[in-house]
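2 protein chains.
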Amino acid sequence: MEKKKAVVILSGGMDSTTLLYLVNKKYDTHCISFDYGQKHKKELHHAKATCEKLGVKHKIVDLKVLSDVAPSALTRDDIKIPEGHYADENMKETVVPNRNMVMLSIATSYAISIKADKLFYGAHSGDHDIYPDCRKVFYSAIKTAIMLSDWHEVELDAPFIDFDKGDIAILGKALDVDYALTWTCYNGREKACGKCGACTERLEAFEKAGIVDPLVYE
Amino acid sequence: MEKKKAVVILSGGMDSTTLLYLVNKKYDTHCISFDYGQKHKKELHHAKATCEKLGVKHKIVDLKVLSDVAPSALTRDDIKIPEGHYADENMKETVVPNRNMVMLSIATSYAISIKADKLFYGAHSGDHDIYPDCRKVFYSAIKTAIMLSDWHEVELDAPFIDFDKGDIAILGKALDVDYALTWTCYNGREKACGKCGACTERLEAFEKAGIVDPLVYE
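These protein sequence lines map, in sequence, to chains A and B. Reading the first sequence from the start, the letters are residues 3 to 220 in my numbering. Reading the second sequence from the start, the letters are residues 3 to 220 in my numbering.
The set of hints was computed from the structure by calculation and includes no laboratory data. Check before you lean on any hint, since a few could be wrong.
Pairs of lysine to any residue residues, derived as SDA-like cross-links and limited to a Cα-Cα distance of at most 20 Å, are as follows [what the hints assert, rightly or not]:
hint, chain 1, residue 1, chain 2, residue 2
1, A, 61, B, 39
2, A, 145, B, 157
3, A, 61, B, 38
4, A, 59, B, 59
5, A, 61, B, 59
6, A, 138, B, 154
7, A, 145, B, 50
8, A, 145, B, 138
9, A, 138, B, 153
10, B, 61, A, 70
11, A, 59, B, 73
12, A, 66, B, 69
13, A, 117, B, 138
14, B, 50, A, 70
15, A, 66, B, 116
16, B, 61, A, 39
17, B, 59, A, 70
18, B, 61, A, 73
19, B, 66, A, 115
20, A, 138, B, 149
21, B, 145, A, 146
22, B, 66, A, 39
23, B, 145, A, 136
24, B, 117, A, 73
25, B, 61, A, 38
Full structure from sequences and hints, please.
Structure (structure tokens):
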């Protein structure tokens, strides 16, 4: 039987890469990534490398206009990436306003255009407090809007919505995800900084899963 | 008292231009337009001219990537614009999949970024049958998603959702809208064709309102 088509929004980080491994077991998978001017461009190279390794189609969409429409520390050289754990105050500057809806809406256009039945994204519970567009209430509303946006129905699915990053790493271990081809650090330097909120969470997740992070840290 | 800020999605057509005149009476208005590779680029020049005339801020976002992600007759030279009245079959090729959600999501990023309270768009009842993302059910779902997408709440408003194009023209007459600075034709030629679905509907609307269309037709 022919596999159904699915689109996965792949950032190149550990969450969406684990999601891709999961979805690819069952669906004819097409990945979409976004270059929204993020300083950590490296994640896009890793996204590409993972798609090549798994032999899935990959489209990178140039969304650099977003940094002009809505500036953020993630995209602008004049705003510094904060250090420390994720917490409302110090990480707020990394919020790209409404980034998820923008990526989801373009990914939906793509899914409709290739007649995919499903659209997957890697929102998880650890993101809820700081990123409003990772909350379950947002997910539920946008899922409805996506379903209604075209005569061809696309079903949005966020299977990690109740997972934390540690749960994702545990699943990734079982799926034999190659985490050397993922990138999490918000700074775009040669090695991961190990200090920003993103690095801190990643390291905690690997510890919970009992696996060694293959990345080299500064 | 200082006016509240509002963002208007302005295509340069008669619906969104009428909307701009309406919103601008009450709000500190910021317009956003999208260059998604539409053949009828002229509408963007008209959008710019209207904003200059009214002295409102105007941002044009380059969204030409959309025609690569999801091809349509509106954006691709290799797909011809159909003639005749709007009807499911002949106009389906002009649907840019999920275009409204893409524009609404980027406009929301912009609204959040400038701390606007309201976001207006010109969806009306005449569009419902052919464009699924102009239906009231879609509007209601995306309104909820937009409200939840950030800690700064943006309220989506589509005041023409129960209007037909004739009602809009009647309102525009009362608001003294300069319709010479609007463009509706889907073909990007010097003069409006008068034959495509968009022209046909515009001409019917002006007739209903009892005003003479200032545009010159082929």
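| Broken hints, numbered, in rising order? | 4, 5, 7, 13
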